[in-house]
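Modelling step: build the complete structure from the supplied sequences, incorporating the hints.
Okay, here's what each chain looks like letter by letter:
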Amino acid sequence: NAGVTQTPKFQVLKTGQSMTLQCAQDMNHNSMYWYRQDPGMGLRLIYYSASEGTTDKGEVPNGYNVSRLNKREFSLRLESAAPSQTSVYFCASSERAGEFNEQFFGPGTRLTVL
Amino acid sequence: RKEVEQDPGPFNVPEGATVAFNCTYSNSASQSFFWYRQDCRKEPKLLMSVYSSGNEDGRFTAQLNRASQYISLLIRDSKLSDSATYLCVVNEANTGTASKLTFGTGTRLQVTL
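Chains P and F, in that order, are what the protein sequence lines are. Counting with our numbering, you get residues 10 to 123 for the letters of the first sequence. Counting with our numbering, you get residues 575 to 687 for the letters of the second sequence.
Be aware that a few hints might be false.
Unchecked claim - In the BS3-like style, the derived pairs of lysine-lysine whose C-alpha atoms are separated by at most 25 angstroms in a straight line are:
1. Lys66(P) - Lys576(F)
2. Lys619(F) - Lys576(F)
3. Lys80(P) - Lys18(P)
4. Lys80(P) - Lys66(P)
5. Lys653(F) - Lys619(F)
6. Lys619(F) - Lys66(P)
7. Lys576(F) - Lys674(F)
8. Lys619(F) - Lys18(P)
9. Lys674(F) - Lys616(F)
10. Lys66(P) - Lys18(P)
11. Lys653(F) - Lys66(P)
12. Lys619(F) - Lys674(F)
13. Lys80(P) - Lys619(F)
14. Lys616(F) - Lys653(F)
15. Lys576(F) - Lys80(P)
16. Lys616(F) - Lys18(P)
Simulated from the structure, these hints should not be mistaken for lab results.
Encoded structure:
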């Protein structure tokens, strides 16, 4: 039982390049999330998927797109990377919506955009 | 005003000390509350949920004050392994939607010999 896995762990891009961050969970969770973490800002929600087949914008969706490929997988795409997207990206999942619903996080992807 | 505010620290305490962190939140409609722990360059992990009546888990005690909109975390008998950043997290989810967590920026704790 690996929990939440993310690939790649590290990535360096040039401005304007595109890439997809992959996330998978093996806990049969319904909901999945993408966050970014920047110094002094706390984690901020980019996009989330309450259940398979649905996606919604979070606090900072501009410059990103997501795909909920199936129940297990939720990918984040940067179409044209910008230096402002340099950050640590975390994927998370939770069993269902609602209160007291623990979110489990993946190990993160450290992205640098030059 | 930030939605969830924490003192960034660092709090430097000797082993065995008791230390307390506070956190304030701005949305009075917030429904549930958590403390997460994040080690350096690692992912956040749930430390404990915070219940209205207060709750304890070993050396850790969490309290919620809805009237004043703050949450606290007390750590007794600090261990070196408690050194980490503690994130205050507020859930504003409504029934039927995904849990939408708002994270504080964290309070860093350093426990020393």
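For each hint, the structure was consulted:
| no. | hint | verdict |
| --- | --- | --- |
| 1 | Lys66(P) - Lys576(F) | holds, 20 angstroms |
| 2 | Lys619(F) - Lys576(F) | holds, 22 angstroms |
| 3 | Lys80(P) - Lys18(P) | holds, 22 angstroms |
| 4 | Lys80(P) - Lys66(P) | holds, 18 angstroms |
| 5 | Lys653(F) - Lys619(F) | holds, 18 angstroms |
| 6 | Lys619(F) - Lys66(P) | holds, 23 angstroms |
| 7 | Lys576(F) - Lys674(F) | holds, 16 angstroms |
| 8 | Lys619(F) - Lys18(P) | holds, 18 angstroms |
| 9 | Lys674(F) - Lys616(F) | holds, 21 angstroms |
| 10 | Lys66(P) - Lys18(P) | holds, 24 angstroms |
| 11 | Lys653(F) - Lys66(P) | violated, 40 angstroms |
| 12 | Lys619(F) - Lys674(F) | holds, 16 angstroms |
| 13 | Lys80(P) - Lys619(F) | holds, 22 angstroms |
| 14 | Lys616(F) - Lys653(F) | holds, 19 angstroms |
| 15 | Lys576(F) - Lys80(P) | violated, 34 angstroms |
| 16 | Lys616(F) - Lys18(P) | holds, 11 angstroms |
In this structure, the hints that do not hold are numbers 11 and 15, in rising order.
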